[in-house]
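*Asks:* When you get a sec, could you build the whole thing from the sequences and use the hints?
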Amino acid sequence: EAQVTQNPRYLITVTGKKLTVTCSQNMNHEYMSWYRQDPGLGLRQIYYSMNVEVTDKGDVPEGYKVSRKEKRNFPLILESPSPNQTSLYFCASSIAGLSTDTQYFGPGTRLTVL
Amino acid sequence: QQPVQSPQAVILREGEDAVINCSSSKALYSVHWYRQKHGEAPVFLMILLKGGEQKGHEKISASFNEKKQQSSLYLTASQLSYSGTYFCGTEMGDNYGQNFVFGPGTRLSVLP
Numbered sequence: 019e020a021q022v023t024q025n026p027r028y029l030i031t032v033t034g035k036k037l038t039v040t041c042s043q044n045m046n047h048e049y050m051s052w053y054r055q056d057p058g059l060g061l062r063q064i065y066y067s068m069n070v071e072v073t074d075k076g077d078v079p080e081g082y083k084v085s086r087k088e089k090r091n092f093p094l095i096l097e098s099p100s101p102n103q104t105s106l107y108f109c110a111s112s113i114a115g116l117s118t119d120t121q122y123f124g125p126g127t128r129l130t131v132l
Numbered sequence: 250q251q252p253v254q255s256p257q258a259v260i261l262r263e264g265e266d267a268v269i270n271c272s273s274s275k276a277l278y279s280v281h282w283y284r285q286k287h288g289e290a291p292v293f294l295m296i297l298l299k300g301g302e303q304k305g306h307e308k309i310s311a312s313f314n315e316k317k318q319q320s321s322l323y324l325t326a327s328q329l330s331y332s333g334t335y336f337c338g339t340e341m342g343d344n345y346g347q348n349f350v351f352g353p354g355t356r357l358s359v360l361p
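Residue numbers (this note's numbering), protein chains in the order written: chain A, 19 to 132; chain B, 250 to 361.
Calculated directly from the structure, the hints in this document are not laboratory data.
Glycine residues also receive a C-beta, built at the ideal position from the N, C-alpha and C atoms.
Take the hints with a grain of salt, since some may be wrong.
Derived, one-sided and incomplete: chain A residues facing chain B with beta-carbon distance under 8 Å [said to hold, decoys possible]:
no.	residue
1	Q63
2	Y66
3	E71
4	T120
5	F123
6	G124
7	G126
Pairs of lysine to aspartate or glutamate residues, derived as EDC-like cross-links and limited to a Cα-Cα distance of at most 16 Å, are as follows [what the hints assert, rightly or not]:
no.	chain 1	residue 1	chain 2	residue 2
8	A	K87	A	D77
9	A	K36	A	E80
10	B	K299	A	D119
11	B	K286	A	D56
12	B	K299	B	E315
13	A	K87	A	E48
14	A	K75	B	E340
*Replies:* Right, here's the structure in full:
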């Protein structure tokens, strides 16, 4: 089944404890992206990747890191999480560029930072 | 830079029509529409491309006015399953960048 998977789905952690949220897609998509969703603000892009080893900042990259060493995986790293990073996170992928292609979203990861 | 959506929320009875608007202060090359149900991931509805091409849903239509930098989503004869939050979005940047920006969303509730 074609899908985007994220792990974990739920995570409660404490301030400053490094964490990684994994994202994997099995559709051979070139483009991958991370979003955070907060009430009233919609989905805001954190980072995106056009291809392996190519990543770029979205609108809210502060406090996050990503890597794209393989086409299928795009982990999101929070080196020192803070309470303002409590949010719902979505990973998404697309065949290539976004101009004509839809994004497929993972199920989401709900992160709480205490 | 975030697109603006209106209305913020709308409540309908089953069978009624609704229009959701999306506008941007920057030139739009394409507009994407997604629907998200509570607790779930966003799901693709439609892409409207500059020049008039439209790719997407059978039962939902949309328009794209490039000059006015606006798009509208038309939901006709709404069904209970149409309930959810609707987001428009667009890519920003040059040919090499694919920064994507969503609007804040429009919450649609369809009542029996």
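*Asks:* Measure nothing beyond the straight line between the CA atoms of K36 of chain A and E80 of chain A; if it is 16 Å or shorter, mark the hint as holding.
*Replies:* 15 Å, holds
*Asks:* Would the hint on Y66 of chain A be counted as holding, given a Cβ-Cβ threshold of 8 Å to chain B?
*Replies:* 6 Å, holds
*Asks:* With a cut-off of 16 Å on the C-alpha distance, tell me whether K87 of chain A and E48 of chain A pass.
*Replies:* Holds - the C-alpha atoms of E48 of chain A and K87 of chain A are around 12 Å apart, at most 16 Å.
*Asks:* Can you verify the interface hint for G124 of chain A: is its Cβ closer than 8 Å to any Cβ in chain B?
*Replies:* Constraint on G124 of chain A satisfied, holds at 6 Å.
*Asks:* Would the hint linking K299 of chain B and D119 of chain A be met if the CA-CA limit is 16 Å?
*Replies:* 14 Å, holds
*Asks:* With a cut-off of 8 Å on the beta carbons, see whether E71 of chain A makes it to chain B.
*Replies:* 14 Å, violated
*Asks:* Please check whether G126 of chain A passes as an interface residue: C-beta within 8 Å of a C-beta belonging to chain B.
*Replies:* 6 Å, holds
*Asks:* Holds or violated: are the alpha carbons of K299 of chain B and E315 of chain B at most 16 Å from each other?
*Replies:* 7 Å, holds
*Asks:* For the pair supplied as a hint, K75 of chain A and E340 of chain B, confirm whether the alpha-carbon distance does not exceed 16 Å.
*Replies:* 13 Å, holds
*Asks:* How about Q63 of chain A: closest beta carbon in chain B under 8 Å, or not?
*Replies:* 5 Å, holds
*Asks:* Between the alpha carbons of K286 of chain B and D56 of chain A, is the straight-line distance 16 Å or under?
*Replies:* Answer holds: K286 of chain B to D56 of chain A is near 15 Å, not above 16 Å.
*Asks:* Are the Cα atoms of K87 of chain A and D77 of chain A separated by 16 Å or less?
*Replies:* 22 Å, violated
When each numbered hint is compared with the structure, violations occur for hints 3, 8.
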